[in-house]
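K.L.:
Okay, here's what each chain looks like letter by letter:
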Amino acid sequence: MTRVTVTLPRLLEPAVGPTRRVELDAGSVGDAIDRLLDRHPTLRVHLFDEQGNLRQHVLCFVEGSQTRLGDRSTPITEPTQITFLQAVSGGALR
Amino acid sequence: MQRIAIGTEKGAYFLDRNGGWQVDGPRFPGWKVSAFGQAPDGTYLAGLGSNWFGASVHRSEDFDKWEQVESGPSYPSDLNRKLTQIWTFHTAGDRIFAGVDQAGLFISEDQGITWDLLVGLNEHESRPTWEPGFGGLCAHHILTDGDRIWVGISAVGVFRSDDGGKTFGRFDKGVTPAGTPDEEGVGSDGWCVHGLVADPKHPDSIWRQDHMGVYRTIDGAETWERIETGLPSGFGFTMRRHHASGTLFVVPIEAGENRVPVGGHLAAYRSTDGGDSWNVAGTGWPRAEQFTGVLRNAMDVDADGGVAFGTTGGQVYVSTDVGDHWEQLPFSFPRILTVAVI
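So the sequences go chain by chain: A and B. Under numbering that gives the first Met the number 0, read the first sequence as residues 0 to 93, first letter to last. Under numbering that gives the first Met the number 0, read the second sequence as residues 0 to 341, first letter to last.
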């Protein structure tokens, strides 16, 4: 298990309170996501859609590299930063 | 009327009438706050949505501390549908209904903590023909009378269940269809209901603000008749009723393609004869033109005759006497999606 720091955008405050950083231990990216959702289950609906995919306009970076979290088996062997952001996109087609 | 809850495109604001009006907010800054409700035990509910993140239900006992529920409305993964917005809450007895986009109904029987899909509407045989309109594919108004449930779905029409939600039929006879897919983005069999309100003492009496006009039924939606005498336009979104007096309110808008008051003359219209005739409601309306709209859930009426509505331009108008006198509050908010008078 390796220390992972997950950073969340301020917009998610209604789901998790003022917490912006979550410290947890994980062995893979998927493990880290599972532990994040175990600790803050209200995040699930905001980060992932009904099919379990990362929402279209949510960005995820693992150590600065963008990922859609398709392959969550990537091992974590060194202290790692996972960052979620809202994309500079979105909006409604009106 | 002691408090008005304002849900906007960017956060919620709570207006307290304490001598003058005072603002508390924003709460949920950056979030679309699209619905307010109240659970059977009095707990307040808020429905949140976002252009980035998923929609969620939040509960509060005091409008101050809010907590998101973990098991809010959500479609099962195998339906391949997305829940993008909570449009309305409707409390009946010990149950709360939530109407959502993409159109569907959910029910909570534990004060809004957990929610279950109401399959009868969501799997209706006509569903493959449902197409979203300009405002999306949303279930935005719910009425109930015992085992009977009426649901208004934008760009689709009015549905009624007589068996507690197990099955639903379609009830738009007498209403002009909203158009063809080439015109309004509405499905070929689409009736574009915008607002619904019923008389709780005579639940078969229902009034309907539709894309194509203002209508009334006295037989539970079996047949509808047009009732627009005195209105400058049949188009509009919101429709509310003060039940003690039977007074109906609408805010006419010019047309679907130009969603502002006719001539810029913003005013609520009311009917005191069940919709037979309409007149400008009371006095206090701005003399200067107001080119702004009022959305379908952006008006509310309380039992004491308090009336409030918010505009897409962010202004709030209030009356404390069933619409005899109106006051524009001195605040501006983001685009107002929903209003609740408490």
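The hints are simulated quantities; they were obtained by calculation from the structure and are not laboratory data. There could be a bad hint or two in this list.
To be verified - A few chain B positions that, by computed beta-carbon distances, are all more than 12 angstroms from chain A:
{"id": "1", "residue": "Val68"}
{"id": "2", "residue": "Pro72"}
{"id": "3", "residue": "Pro75"}
{"id": "4", "residue": "Asp77"}
{"id": "5", "residue": "Arg80"}
{"id": "6", "residue": "Glu108"}
{"id": "7", "residue": "Pro202"}
{"id": "8", "residue": "Glu224"}
{"id": "9", "residue": "Glu227"}
{"id": "10", "residue": "Leu230"}
{"id": "11", "residue": "Gly263"}
{"id": "12", "residue": "Gln314"}
Said to hold, decoys possible - Quick list of the computed label-pair ranges, beta carbon to beta carbon:
{"id": "13", "chain 1": "B", "residue 1": "Val261", "chain 2": "A", "residue 2": "Asn52", "range": "15 to 25 angstroms"}
{"id": "14", "chain 1": "B", "residue 1": "Asp77", "chain 2": "A", "residue 2": "Pro17", "range": "31 to 41 angstroms"}
{"id": "15", "chain 1": "A", "residue 1": "Pro74", "chain 2": "B", "residue 2": "Glu256", "range": "52 to 62 angstroms"}
{"id": "16", "chain 1": "B", "residue 1": "Ala91", "chain 2": "A", "residue 2": "Ser72", "range": "39 to 49 angstroms"}
{"id": "17", "chain 1": "B", "residue 1": "Ser331", "chain 2": "A", "residue 2": "Arg20", "range": "28 to 38 angstroms"}
All values reported here derive from a predicted model rather than from experimental measurement. The beta-carbon is built from N, C-alpha and C at its ideal position, and this holds for glycine as well.
K.L.:
Enumerate the violated hints, using their earlier numbering and listing them in ascending order.
P.N.:
Violated: hints 1, 2, 3, 4, 5, 13.
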